[in-house]
Amino acid sequence: MQNKSLAKFLIGCLVIAFAFYIVFFGLKIGTASIPSVKDAVRYGLDLKGGVYIVYEAAKENPTKREMESALQLIRTRLDMRNFYDATATIQGSKRIRVEIPGVKDPDEAIQYIGRTALIEFKGPSGDLIVSGRNVVDAYAQQTTSGYVVALKFDKEGAKKFAEGTKKYLGQNIGIYLDGKLISNPVVQAEIDNGEAVIEGMKDLNEAKTLAQQIKAGALPFALNVIESRAIGPSLGSEALKTTLKAGIVGLLLVFLFMIIFYRLPGFVADIALIAYVVILVAIVGYAKITLTLPGIAGIILSAGMAVDANILIFARMKEELRAGKTLKAAMDAGFRRALNAVVDANVTTIIAGLVLLFLGTGPIKGFAWTLTIGIVVSFFTAITVTRFLLVSVINTGLFKDTRWYGGKKTREVQA
Amino acid sequence: MTNIDFMGKRKIFYVLSILVMVIGLVSYIMQGFNYDIDFTGGTVLEIDLHKVPSAAEIADLEKLTKQITGTQTPIVRKIEDGKKIMINAHEVHGKKRTELSKEVRDKLFNAIAKKYNLKKEDLVSYQNVGAVVSSELKSQAIWAVVIASILMLIYIAIRFEFKFGTTAVVALLHDLLIMLTVYTLFRIPLNSTFIAAMLTVLGYSINDTIVVFDRIRENRRIQGKMDLKNLVNLSMNQTIGRSLSTAATVIIVLFVLYLMGVQSIKEFAFPLLVGVISGTYSSIFIATALWFDWESSARKKLQAKPKRA
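For the protein sequence lines, the chains are A and B, in the order given.
Everything in the first sequence is counted per the UniProt record's numbering, starting at 1 for the first residue and increasing by one.
Everything in the second sequence is counted per the UniProt record's numbering, starting at 1 for the first residue and increasing by one.
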């Protein structure tokens with residue numbers, strides 16, 4: 001029984017140590033591998049540097065579909081510029097938040113994301129025949145007359161284009177890009193299959209670029225920039241380093257505090273706290289929750305709060321021991337009677353965390369995530385990991401003196 | 001276990017809390033809040049000067065910012081190791097404050113760069129925030145506090161009783177007012193991290209209150225015949241040790257974060273530190289005391305009724 005308990009305790013510690021190693025250093029067995037959290041985690045812009053831009057639709061109550069097509073459009077434009085690690089997300093009902101790591105100047109980014117390549121076909125008197133809104137496809141082609149951009153209209157566009165070419169047969173139809181005339185061909189015949197070409201491209205590259213711009217050009221509404229921020233990459237890595245350092249120092253002090261005030265249970269709580277950090281960091285890292293600076297603060301803060309549950313339990317246990325109970329009875333009573341307060345305290349904090357999660361934006365959301373997850377995990381480790389380790393330690397029978405549990409006088413207690 | 005007559009001294013703490021809040025109110029009327037860009041709209045530039053500027057140089061920089069941007073009261077302050085500065089400025093168009101245009105921003109940075117012989121990379125970061133975002137942030141913050149308070153009140157009312165829930169939430173609002181007092185008194189910039197800090201305190205400071213209330217609830221069951229004052233005093237003496245311990249672990253962590261953290265973490269850790277300290281104080285001296293006063297007056301009424309009948 002006693003040796004078995006010691007083995008249980010040591011195995012528990014080993015599991016935690018092993019998990020700690022995997023999470024912080026990664027693991028590789030043959031071809032299979034688990035990346036370390038450091039490599040897996042998605043860092044927020046404040047840690048990595050870059051720009052973020054918040055756009056707002058210049059239209060009252062845009063529909064969800066319109067917002068999604070605007071989002072799609074922004075993604076296409078980001079891809080066109082090879083910003084594959086950029087993210088674009090819809091925020092609320094009419095905003096889109098774009099984050100581009102590694103870029104320094106938001107104005108430059110705004111220019112190419114925000115540019116609408118508006119294509120218009122106009123009659124000789126300047127009347128609009130059809131616009132890029134009706135274009136379903138655009139691609140570059142090489143013809144005998146040089147490089148061109150071929151366009152395919154949708155059904156409505158094909159109809160409009162057919163009417164236009166019929167009306168202006170033998171006359172010019174101007175093709176305008178963002179209001180600038182780029183081609184002014186004469187209509188040779190009525191075109192009713194919904195196809196058109198833009199001539200006059202210098203080379204294949206120019207044709208390709210224009211085709212891409214047209215394809216990406218059908219914004220359902222104008223987008224206004226309402227917020228933009230740029231964070232230098234050196235600032236980000238510096239922030240990460242100092243915050244992590246502060247976190248480690250803070251945790252070590254909490255470790256010390258627990259051992260000084262709660263002795264053996266305090267030491268066990270410290271091991272459980274390591275388990276807590278491992279679980280929390282693993283969730284944040286592998287679930288791809290974007291880690292921001294406030295997010296790290298949330299982790300560190302909830303680590304400080306994680307020992308609270310243990311303190312409640314141990315203080316209760318100390319009381320029961322003083323009342324003359326046996327060690328095991330005191331521990332059981334400690335866990336049982338502290339549970340009410342622990343549950344109530346945690347639920348109220350989770351309420352605040354959830355409100356923050358639903359109402360907050362950007363960095364505040366990052367903080368709310370880690371705080372909320374942190375509290376749930378800390379509750380779990382306090383009542384399972386701490387308990388398992390403490391029961392095992394007590395059952396080894398090696399620590400019978402009350403002083404091991406923060407009692408003032410030396411007294412043997414029965415296991 | 002300690003043996004302090006908490007309830008006998010409760011009026012001292014009422015006076016103390018009211019005094020701090022009055023100071024806060026006076027400070028608010030006199031100088032208001034130091035709203036950061038998050039709340040006013042505008043631009044923040046962070047520049048690495050590679051040297052610690054003197055007070056006169058800071059004043060010069062403010063003058064320069066005022067000249068170039070037209071900001072009436074630009075804020076220039078040293079951050080981190082003191083070699084970096086943060087400039088808070090905006091443009092005014094009619095009644096609206098807006099962020100700096102690229103031209104104005106470049107003009108400002110180039111003027112400073114020339115003075116301090118800086119390179120382009122020394123403009124570490126800049127942020128533009130529109131006034132729309134700002135006003136939304138404010139209403140969002142107020143809503144968050146209101147919703148969170150109501151939800152917590154409901155939860156505690158269900159788990160305990162209405163009187164516990166109400167006094168716990170009153171103690172919470174007390175903590176937020178203390179935090180606001182510190183903000184206006186020390187002119188600490190109010191920004192979006194402040195909201196996160198406020199809501200964290202909201203979630204955290206109620207913890208200690210619950211521990212005390214939980215003990216009162218339990219003692220009431222076990223020692224039903226005990227006089228209310230003795231019962232509350234007993235419960236508080238039983239729990240004060242762990243209240244201080246739980247506060248200590250969080251305070252340790254926050255204190256280290258405040259000492260070592262970067263600017264944005266410092267701005268976050270400071271109000272939390274104030275809030276956690278205030279939260280511990282208020283759960284011991286305000287929440288329980290208020291509940292005690294409420295409960296004893298309710299009991300007196302209950303005792304008075306049968307006499308009349």
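No lab work stands behind these hints, which were simulated from the structure alone.
Incorrect hints may appear among the rest.
DSSO-like cross-link-like pairs, simulated, lysine-lysine; straight-line CA separation at most 27 Å [said to hold, decoys possible]:
id	chain 1	residue 1	chain 2	residue 2
1	B	95	A	59
2	B	95	B	84
3	A	104	B	95
Calculated Cβ distances over 12 Å to all of chain A for the following chain B residues [said to hold, decoys possible]:
id	residue
4	16
5	19
6	29
7	93
8	115
9	124
10	127
11	156
12	159
13	199
14	223
15	227
16	247
17	262
In this text, a Cβ means the ideal position worked out from N, Cα and C, and glycines have one as well.
Hints, one by one, checked against the model:
no.	hint	result
1	B:95 to A:59	23 Å, holds
2	B:95 to B:84	32 Å, violated
3	A:104 to B:95	31 Å, violated
4	16	25 Å, holds
5	19	28 Å, holds
6	29	29 Å, holds
7	93	15 Å, holds
8	115	20 Å, holds
9	124	4 Å, violated
10	127	4 Å, violated
11	156	7 Å, violated
12	159	6 Å, violated
13	199	5 Å, violated
14	223	14 Å, holds
15	227	22 Å, holds
16	247	9 Å, violated
17	262	4 Å, violated
In summary, the structure is inconsistent with hints 2, 3, 9, 10, 11, 12, 13, 16 and 17 from the numbered list given earlier, while agreeing with the others.
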